[in-house]
Amino acid sequence: MKANKKSKKMPQKASSNAKETRRQPLELTAKKLRWMWLLPVVALIAVAAVLLTYESNYLFRVQEMNLFLYTPLFFKQQLVVSGGILTYLGTYFTQFFYHQWMGVALLCLWWLLLMFVVKRTFNIPTKWALVVLIPVALLLITDVDLGYWLYYLKLRGHFFVATMGTTAAVALAWAYRLLPKKFFLRSIFIVVAVAIGYPLLGFYGLLAALLMGILAWRLDDYSLLRRVIDSGVAIVAIALIPYIYYLTVYYQTHIVNIYYTALPLFRIDQDYMVYYIPFYLLVAVLVLMAALYKRQRQTDVKKKALWCFAQLCLAAALIYGVYYSWYKDENFHTELSMYRDADNHQWENILTTYRDHDSNPSRLMWMMKNLALARLDRQGDEMYHYRNSDAAPEAPFGAHMAQCGGKLLYYNYGLLNYCYRWCLEDGVEYGWRVDYYKFMLKSSLMNGEYVVAKKYIDILSKTKYYREWAQQYEPMVKNPELVKKDKEFSTIMHLMPPVNELTSDQALVEIFLINHFANHDSDDPAFQEQAMIFALQTKDIGTFWSRFFRYAKNRQDAGKHMPKHIQEAAYLYGHLENKVDISKMPFDKDVIDSYNNFMTAAQQYKNLSEQEMKPFMYDRFGGTFYFEYFFTRDQHSY
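Per the working numbering: the sequence shown ends with 660, consecutive numbering throughout.
Just so you know, the hints here were simulated from the structure itself, not pulled from any lab data.
For each residue, glycine too, the CB sits at the ideal point set by N, CA and C.
Some clues are possibly wrong.
Unchecked claim - Label-pair restraints from in silico Cβ distances:
hint, residue 1, residue 2, range
1, V250, E352, 52 to 62 Å
2, A70, E451, 30 to 40 Å
3, K98, I533, 20 to 30 Å
4, R377, W348, 24 to 34 Å
5, Q274, Y640, 15 to 25 Å
Model the full structure from these sequences, guided by the hints.
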């Protein structure tokens, strides 16, 4: 009987083994899925490559608009508001974007640490390894969606602050989860974490308490009473501790902002809420992870097709979200490239960049192109060989040239008081930057304010990457004659106005420069050159002639040929008004031929509207002052 029972059971066991054998290839175990953790690392490498390839000038500008000083006073200054340690460390790490690869490497290492902490805190299973990329993608967006906010954002070290703060908040939640439940250690830890974390981390200390309060409901070893206690403690700590600090320590912070310190304020004339969306999503994602926490999770994949589809959807959503949010305005990036070249006196590079630009250029680009031509002594011959446009900054607020590049223009055109004034005002309003101190140092030297210049040398000497740059000017403080011998300074000093004054420019840099040079005179040939060029840009016939005759005489006495665009304007104005006898002026033959051909073509197209005629005329006469005078009008500066 026993033998018969065994013989009946054996076929059933064999059948069960065969069923498991057929099922095994359809399942992926946690051991087989270990390679999934390589995907977030590969994604970080891809992000680093994209940043270095497409955002090199942006990253360099980020560190120029940053300041970290190796002094105890600078450290103390950061701690006057809550979250100060984040801004201190944020500015410290941001300075390494001077070498873009180094700054990107540090940022990616922080993101790698964040992914590890997120995995361990919320017990993310191997099969959902891509989930740890969600916070990183949102933090990446907060850095690459800024655009012109780069000049107006007051939070120091923004590029690293959110990443470090999020990492610290999640790490505190991890520590809370690992604590034993006895003696109410977890409840006490919530209070201590906020009491210490708020002054150091600001908002992110409160975020840590929020995550702890949610995790309390997911811990297996907790009773309902303990869960209620811990979540209640978290709510009270979040509500009261910032207010207590406000009353006793951080009274300089506006009471409305005490819960948001260490977060950027996207506010100028109003709040631009769309820029807060990545932060809202970041908090929502972390809260969801805490709410879904489990100590034991199913790690094997049984429905492989469904799992693969979910992974692809998640990856696609992350890629699309980052790409969609990435600030891609071509003018903004071209301005950054041209600004960097101007700072390094790479004038030919500026012209090449402008020529290769596909979109309609901005006024700042036009002005920097003109500056490059002026330094190469080709402005009068080539200024209108480049497309003239007035594309506005792609920003939801009024981004002004004064903040985006006005200091560079004022400095290079010799209006040092205006350069210094804007550096000072923006430094007070938006925080001190390396870029401002560089201009203030050089402006002080050329204005003969050597004690002030020494102060800025001392400040920049406390930085890592601008110490040697600043100290090269120290001999000039002791020997002012060296200022006049410096090639850069001597060029600019020729353009300085005869009267040392400071008036209002109404934040309209281009218009102010045009009016300044067109309505001032000087015996200096370099100043006269710019006065003539800017008078040409006014398209005002009286202003042009008021500068022309003295300029023409000086060119003739110096044996220099009259620039092409100046000839074109004189020939055109002479025919338009017939008030100035131009019959004896030595115009180039091609200038005369071009004018005659232009007028003939205009008669041929006279039945067309101006807008219909413009493209046909541009193809033939786009590089002449004739086209500029008749077809380029109503340009808006900012």
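Each hint tested on the structure:
1. Under the hint 52 to 62 Å, the C-beta atoms of V250 and E352, about 55 Å apart, fit the expected range.
2. At about 33 Å, the beta-carbon gap between A70 and E451 stays in the expected band of 30 to 40 Å.
3. Between K98 and I533 the CB atoms are about 42 Å apart, so this pair departs from the stated range of 20 to 30 Å.
4. The beta-carbon spacing between R377 and W348, approximately 26 Å, falls within the hinted interval of 24 to 34 Å.
5. Under the hint 15 to 25 Å, the C-beta atoms of Q274 and Y640, about 57 Å apart, miss the expected range.
Going through the hint list in order, the structure does not satisfy hints 3 and 5.
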